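K.L.:
Order-wise, the sequence lines are chains B and F.
For what it's worth, my numbering labels the leading residue of the first sequence as 118, then goes sequentially.
For what it's worth, my numbering labels the leading residue of the second sequence as 3, then goes sequentially.
One or more of the hints may lead you astray.
To be verified - The calculated SDA-like cross-link candidates involving lysine to any residue, where the alpha carbons are at most 25 Å apart (straight line), are:
| hint | chain 1 | residue 1 | chain 2 | residue 2 |
| --- | --- | --- | --- | --- |
| 1 | B | K248 | B | Q258 |
| 2 | B | K248 | F | K102 |
| 3 | B | K198 | B | K217 |
| 4 | B | K248 | F | F177 |
| 5 | F | K102 | F | R136 |
| 6 | B | K393 | F | R136 |
| 7 | B | K248 | F | T231 |
| 8 | B | K217 | B | T406 |
| 9 | B | K393 | F | H173 |
Since the hints were made in silico from the structure, they are not lab data.
For clarity, every value in this text was computed on a predicted model and none was experimentally measured.
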Amino acid sequence: MSHSCLLRKSKVFCDSLFFYICSRIHPIMKTIITYFLLMLSLVLPLGCDMIEYHPYATRVTGDTDLTRRMIERIETECAGKDTLRFAVISDTQRWYDETKLLVNAINARGDVDFVIHLGDQSDFGLTEEFKWQRKLLMGFQMPYVCIIGNHDCLGTGEDVYHKMYGDDNFSFNASFLHVLCLNTNAFEYDYSQAIPDFSFIKDDLAAVPDSVMRTVVAMHAIPYTEQFNNNVADYFDYMLNQFPQLLFCMGGHDHHVGIDYPYENGVPYYKSGSAKSLAYLLFTITRSTYRYEAFDL
Amino acid sequence: MKLSTFKYQLSALVVLLALFPQSVKAGDNTLSMYTLPAPTLQIDQSAFKQEETTVSRYERITRRYQNFWRSLIPNQFKLQYAGSIGLVSASAGWHYGHAKRVWETDLYFGFLPKYSSRHNHATMTLKQSYVPFRITINEGFQIEPLACGLFFNTIFGDEFWNSQPDKYPKHYYGFPTKIRANVFLGQRLRFPIPSEKRHHANCISFYYELSTCDLYLASYVTNNFISLTDILSLSFGLKFDLF
């Protein structure tokens with residue numbers, strides 16, 4: 118079809134449309150047409166956010182590579198500090214309002230250096246859930262890191278986690294403190310992947326700088342839960358104790374605040390509650406001692 | 003992508019393609035090549051009766067058989083962008099009911115690119131629509147102010163399951179990741195094609211729809227943080243009515 122032909126046809130179409138809108142249309146029809154055009158004009162501008170290819174589509178827009186960026190912030194902001202204070206939350210899945218309250222409460226304290234989220238941001242592994250949680254957690258005035266939970270592994274959730282946050286095993290050094298964050302959801306992987314990843318732990322141990330005096334370990338499922346690879350629970354304990362003065366470990370998954378001592382050597386495993394319980398843990402660590410507090414909103 | 007992932011889609015497509023050419027040849031005229039030459043107006047009654055009486059039992063049965071399968075030929079096709087069933091999807095379906103248009107059933111096949119995941123994914127959707135109103139503005143332009151209904155979408159891939167794998171304790175995850183139930187609401191503009199200009203279709207419609215799925219609703223109802231625009235999914239599509 119030539120250009121002029123197209124132009125003529127579109128002109129004819131517009132003319133006829135104009136004719137029908139302007140003249141001898143029943144008032145009810147006029148209302149209906151107006152309503153249709155109004156609906157369309159309302160939908161189109163909003164539409165940009167509402168285009169979704171599938172709930173499990175892994176098209177992640179917005180902030181990505183968050184773990185690396187947050188670690189950079191933590192390491193620079195905490196450098197040289199003698200007292201470190203960090204908050205721990207966990208299992209915020211599908212409790213968005215409660216998570217918002219927790220974020221506000223931790224911000225309001227004003228003395229928290231960084232926050233650790235112990236996994237299960239999403240309930241169904243949906244991409245939107247990660248985005249909603251990111252929107253909430255970006256509300257933290259201090260940097261935060263997120264560990265992968267078993268619910269985050271569902272569907273394509275793991276891929277979204279990797280895109281949005283980064284590797285599922287990572288560590289950082291906040292002044293004198295080494296924080297090791299591990300994926301321990303072995304149950305989700307059918308032993309097809311090394312979970313917990315001992316080669317990562319070994320490499321990480323070898324790379325711990327001399328400035329580090331204390332170590333804490335964060336994970337989602339603690340040893341002897343059904344998610345953990347309990348066949349290697351003893352070796353896991355052995356490896357963690359190789360780190361410079363292991364103080365304690367932290368875990369979520371249980372949805373209840375509590376303390377567990379899974380091993381005879383007495384290393385405490387502090388369990389963070391779910392967002393539903395509106396509780397968060399606060400750890401204050403100095404070079405010689407540490408304090409554990411659990412807060413209820 | 004493994005072939006085994008697509009075996010269901012492929013077999014369904016083969017069935018549809020086998021049916022499709024006939025439906026195209028049938029065009030606007032509802033007589034299909036399957037039927038025996040039907041008596042036309044020119045034939046006088048005696049000849050007609052003569053023919054009727056000479057129809058054998060075999061012909062009667064095959065005619066009935068052919069008419070049954072003829073009624074299953076898809077009479078509409080759709081192309082859709084987005085809408086939680088893939089980046090693009092195409093469907094074959096049927097419109098039926100009052101005035102042969104109020105109800106619609108469609109079977110979509112969609113494609114979802116891998117983005118950050120490991121594979122591309124195929125999806126399949128069964129959709130039931132209810133389109134109660136049609137307002138004729140003129141011969142070439144109609145509005146359907148309401149289209150609503152529900153659809154079930156399944157996504158193919160090893161990482162999705164219908165019921166949780168046996169390894170998990172009972173009720174560990176109480177929902178299927180593979181199948182999503184959705185509801186939708188939409189509107190359509192309909193452009194009937196004059197009979198002399200028809201090629202494949204006698205009508206083309208443009209539609210948009212807003213939909214949401216079960217898991218989004220579950221998040222929406224318990225949280226003020228989640229707004230309605232967060233859970234709604236917008237789609238655009240074209241519908242071709244063959245006959």
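K.L.:
Please go over all the hints and tell whether each is borne out by the structure.
P.N.:
Taking the hints in turn, this is what the structure says about them:
{"no.": "1", "hint": "B/K248 to B/Q258", "in the structure": "holds (18 Å)"}
{"no.": "2", "hint": "B/K248 to F/K102", "in the structure": "violated (43 Å)"}
{"no.": "3", "hint": "B/K198 to B/K217", "in the structure": "violated (29 Å)"}
{"no.": "4", "hint": "B/K248 to F/F177", "in the structure": "holds (21 Å)"}
{"no.": "5", "hint": "F/K102 to F/R136", "in the structure": "holds (12 Å)"}
{"no.": "6", "hint": "B/K393 to F/R136", "in the structure": "violated (48 Å)"}
{"no.": "7", "hint": "B/K248 to F/T231", "in the structure": "holds (14 Å)"}
{"no.": "8", "hint": "B/K217 to B/T406", "in the structure": "violated (31 Å)"}
{"no.": "9", "hint": "B/K393 to F/H173", "in the structure": "holds (20 Å)"}
Checked against the numbered hints given earlier, this structure breaks hints 2, 3, 6, 8; the rest are met.
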